Amino acid sequence: MHEELVRQFHAGDRAALARVISVLENQSDGHRELLQHLYPSAGGASVIGVTGAPGVGKSTLVAALADLLRADATVAVLAVDPSSPTTGGAILGDRIRMPSANTDERIYVRSMSARGRQGGLAIATGVALTALDAFGFDRIIIETVGAGQSEVDIVDSADTTLVVTQPTSGDDIQLLKAGIIEIADIFVLNKADLPAADIAMLDLEALIAEQKHAGGWEPKVCETVATTTSGVDALTAAIATHQAWLREAGSDGHRSRTVATVSWIIAATLDQTKSTCVEQLTRDSDLIEAIHTGEQDPYATAFELLGADPV
Amino acid sequence: MGFVPRGASERLVAVLTDASHEPGMSVDVSPQDPPRCLIAKLGLDGHDRGAHVIARAFRDAGFEVVYSGLHRTPEEVVTAAVDEDVDVLGISMLSGAHETLIPPVLSGLATADRLEDMVVIVGGIIPDTDHEELLDAGVNAIFGPGTPMEETVTFVRSAMRGDVDA
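First to last, the sequence lines map onto chains D and U. The first sequence begins at 56 in my numbering and counts up one residue at a time. The second sequence begins at 666 in my numbering and counts up one residue at a time.
Hints in this document: simulated from the structure, not taken from any laboratory. Wrong hints could be hidden among the right ones.
Facing chain D, from chain U, some residues (calculated, C-beta under 10 Å) [as the list claims (entries may be wrong)]:
id, residue
1, 698
2, 699
3, 728
4, 744
5, 747
6, 779
7, 828
Restraint-style ranges between C-beta atoms, simulated for each label pair [to be verified]:
id, chain 1, residue 1, chain 2, residue 2, range
8, D, 265, U, 813, 57 to 65 Å
9, D, 67, U, 811, 40 to 48 Å
10, U, 714, D, 84, 34 to 42 Å
11, U, 772, D, 271, 49 to 57 Å
12, U, 827, D, 353, 46 to 54 Å
13, D, 307, U, 815, 47 to 55 Å
14, U, 725, D, 110, 50 to 58 Å
15, U, 761, D, 272, 53 to 61 Å
16, D, 62, U, 827, 23 to 31 Å
A short list of chain U residues far from chain D (calculated; beta carbon distances all over 10 Å) [said to hold, decoys possible]:
id, residue
17, 733
18, 738
19, 742
20, 760
21, 762
22, 796
23, 800
24, 802
25, 806
26, 811
27, 815
28, 819
Keep in mind that this is a model prediction, so the values were computed, not measured. For glycine and all other residues, C-beta sits at the position ideal for the given N, C-alpha and C.
Whole structure, please, built from the sequences with the hints as guidance.
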């Protein structure tokens, strides 16, 4: 167990927090004991998820949001960027948009690479959230590129999810088609000073009017210009309204995040088991031959490999 | 040993517990943990073409690269390096202010107890006569113009393993 590290972590040492996140993310020796130890300290933070297509201004918006929130709270930002599928390397550029990250000790920013992981990325962000929560941050913002299911999973661990769009972008339609609309508690139309913003706003409102949202919350739309922080105070108010609604509804974000983390671990483990079973089948001509000769049906083979008959 | 579902068949148990199969208890699919690196620009130095090139070179070598952006103070660079838990700090310096701006970065890292285990490299325009002072203060290596990218990356990899005197 990382005793010295844990001691420094609880003493509020940010270098220790940074190292703890690395240990959890890399699943280094002792990571499970460490995570187990952190949970009793977690549960106090509220989590805002921010997603949207590349270039819509997520990082700038997150910086403006963090600047406002830090007036009466400590704020942590977890920023996820894509990685190269060939080398695994990544440029993590979100921090550049967040100047106060380096000057205000009430803000902590951590960049994370997708590392080509699917379920694994959700696990990595889930455990990093737990570390930030246990460290004592009041508000945690998680920023991710809205490009696929894994990002939807990650944002699913947020109490309030913002989907950021911009005017005159075909990407918006793609974004909405991809199902991201269903996860938004608040839509943010960023770059609202661009000429086509009025039309984009009408489109968004029309879309939301048709959308049935689970749980009875009607998604809000906010206009912002993140570079000038225009509209960000109204956005903060909308977030507060949503979180008050959550409290009213008896929602428990910490509990949901724990369920999500366990479910991601189950999914990733089953995924790995599947790969192992398929690999075994590919190498085993007898098994395949048994199907071809009519000795055994494919279901029986699958269940045999898995060691379970679900029916 | 791999994950074994409850009630797994003997055949599956044999496969999952076969040491020649890589998947273990860990569910991470990445073969190894990518090293993390911060490329930083300090002070009134507005030229970051070189920083971009080195950031891309490290990315292509499989590193996770955080770029600081321009005009950072030494304190900001220390905060970013510590918060991001980087293994490597690369400072690009073309302004001639290295004697003023680099020592505070090193002392800040030392205060955070990170100077010992972090590889610190400096690139850009550093006169030969100033090398010794920076190296004595804790910089691991200085790379001048024309240094092949492979040389820098190779140095960093071996310094991270502790092969070279850090």
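Against the structure, the hints come out as follows:
{"no.": "1", "hint": "698", "result": "holds (4 Å)"}
{"no.": "2", "hint": "699", "result": "holds (5 Å)"}
{"no.": "3", "hint": "728", "result": "holds (5 Å)"}
{"no.": "4", "hint": "744", "result": "holds (5 Å)"}
{"no.": "5", "hint": "747", "result": "holds (5 Å)"}
{"no.": "6", "hint": "779", "result": "holds (6 Å)"}
{"no.": "7", "hint": "828", "result": "violated (21 Å)"}
{"no.": "8", "hint": "D:265 x U:813: 57 to 65 Å", "result": "holds (58 Å)"}
{"no.": "9", "hint": "D:67 x U:811: 40 to 48 Å", "result": "holds (45 Å)"}
{"no.": "10", "hint": "U:714 x D:84: 34 to 42 Å", "result": "holds (41 Å)"}
{"no.": "11", "hint": "U:772 x D:271: 49 to 57 Å", "result": "holds (56 Å)"}
{"no.": "12", "hint": "U:827 x D:353: 46 to 54 Å", "result": "holds (52 Å)"}
{"no.": "13", "hint": "D:307 x U:815: 47 to 55 Å", "result": "holds (53 Å)"}
{"no.": "14", "hint": "U:725 x D:110: 50 to 58 Å", "result": "violated (23 Å)"}
{"no.": "15", "hint": "U:761 x D:272: 53 to 61 Å", "result": "holds (57 Å)"}
{"no.": "16", "hint": "D:62 x U:827: 23 to 31 Å", "result": "holds (26 Å)"}
{"no.": "17", "hint": "733", "result": "violated (7 Å)"}
{"no.": "18", "hint": "738", "result": "violated (8 Å)"}
{"no.": "19", "hint": "742", "result": "violated (8 Å)"}
{"no.": "20", "hint": "760", "result": "holds (19 Å)"}
{"no.": "21", "hint": "762", "result": "holds (18 Å)"}
{"no.": "22", "hint": "796", "result": "holds (28 Å)"}
{"no.": "23", "hint": "800", "result": "holds (24 Å)"}
{"no.": "24", "hint": "802", "result": "holds (20 Å)"}
{"no.": "25", "hint": "806", "result": "holds (21 Å)"}
{"no.": "26", "hint": "811", "result": "holds (23 Å)"}
{"no.": "27", "hint": "815", "result": "holds (14 Å)"}
{"no.": "28", "hint": "819", "result": "holds (16 Å)"}
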